[in-house]
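**Student:** Residues per chain, in single letters:
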Amino acid sequence: MKPKQQRLLLGVVAVAALVGAGFIALSALESKAAYFYTPSDIRQNAVAVGKPIRLGGMVADQSIKRGMDGVTVRFIVADENSQIPVFFKGITPDLFKEKSGVIAEGSMARSGEFIATNLLAKHDEKYMPPELSKGLSTQGASKP
Amino acid sequence: MHRFANPARFLKIATALTPWLMWTGIALLVGGCYGGLFLSPPDYLQGETVRILYIHVPAAWLGMAGWGGIGSASLMYLIWRHPLAAVAAKAIAAPGAIFTAICLVTGSIWGRPTWGTWWEWDGRMTSMLVMLLLYMGYLAFAGALREKSDNDRALAIFGVIGIVNLPIIHGSVTWWKSLHQPPSLGMKGSAIASEILWPLGLTMSGFTLLFAAIILIRMRTILAMTRTEARLLRMALD
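Taken in sequence, the protein lines are chains A and B.
Each step along the first sequence adds one to the number in the numbering used here, with nothing skipped, and position 79 is 79.
Each step along the second sequence adds one to the number in the numbering used here, with nothing skipped, and position 145 is 145.
Derived by calculation from the structure, the hints in this document are not laboratory data.
Possibly wrong hints are sitting among the right ones.
Result set (DMTMM-like, lysine to aspartate or glutamate): computed pairs, CA atoms no more than 20 Å apart in a straight line [to be verified]:
no.: 1; chain 1: B; residue 1: 177; chain 2: A; residue 2: 105
no.: 2; chain 1: B; residue 1: 177; chain 2: A; residue 2: 80
no.: 3; chain 1: A; residue 1: 51; chain 2: A; residue 2: 105
Input sequences plus hints: build the corresponding full structure.
**Tutor:** Shown next as structure tokens:
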């Protein structure tokens, strides 16, 4: 084998190994690199009370209840299997609404309620003009 | 490919090609920006903020494609020892870093009204920041090695190793639970309505042609500088 071919082989092997390493890192870090827990993750793993975590999922339909003072809000974060009630006091993001994604930072209380200290709205991959969305609003539910 | 490794032939083609790439790119960009700012509708949820997409997505694409280019050129340099490949990799680094930075800044500006935060240590944002740091490391390394062409090999190895980050950036939104949404454009089609999508096609191709023109100009500059240095050296020795 000529040195040039050896280098070609080595180069191809090196790139395959590097891309493979990238994918191995992706799958190995799947649980560590998660930005938030889903309601199911919290139910299954019994997250300790008071431990700071992020909870992410869909705001359940017709679950947002705003308090008389205008800043306290209670709602339910749901995924396919589980639901967690959330309490938050503060100004909610503009995109915070029912049937759309949300990420709440905070911790679980002894009562089983999630006490959020900060809310982030999660945007999905869909982009459309306002006229188009009216026709689709009945099926507006999207994945978190 | 090997035909173009000859610097004289490369210079001839690059010189002829540069104005075409540049002016077509600028024309597409002007059209895309006009369409994106005045003709396309706002988004149903994000409103006018959606328009930052027309800069953010091309910047993200060129930041990643830039490292793809550095990686492949470095590989060609290591395998076939074409000096022109080393020149190409060095020429890509600074524009690639700038587009990566534009991607991070525009993403942050979009994130504030949409998510309610300027920055979060989410998988996509962190891996993109790592890429900017890789670019900066590469540029610092290239600057430090300027005189010794022996060390071009070390730089090329750095270029190849950086490829490891590309699948991580790409997979960070589908494999990990992240704040950043999964890709809107993919093999299965587009989750972006066509009225909003078309200016993105123009700015994507416009920025890409402009990027290519900048790379060719920078490669010609590096080649000219090498020649000048060689000539000065010869004159000093005579």
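**Student:** Please go over all the hints and tell whether each is borne out by the structure.
**Tutor:** Going through the hints against the structure:
1. B/177 x A/105: Holds, at roughly 15 Å.
2. B/177 x A/80: holds, 15 Å
3. A/51 x A/105: holds, 11 Å
Taken one by one, the earlier hints all hold for this structure without exception.
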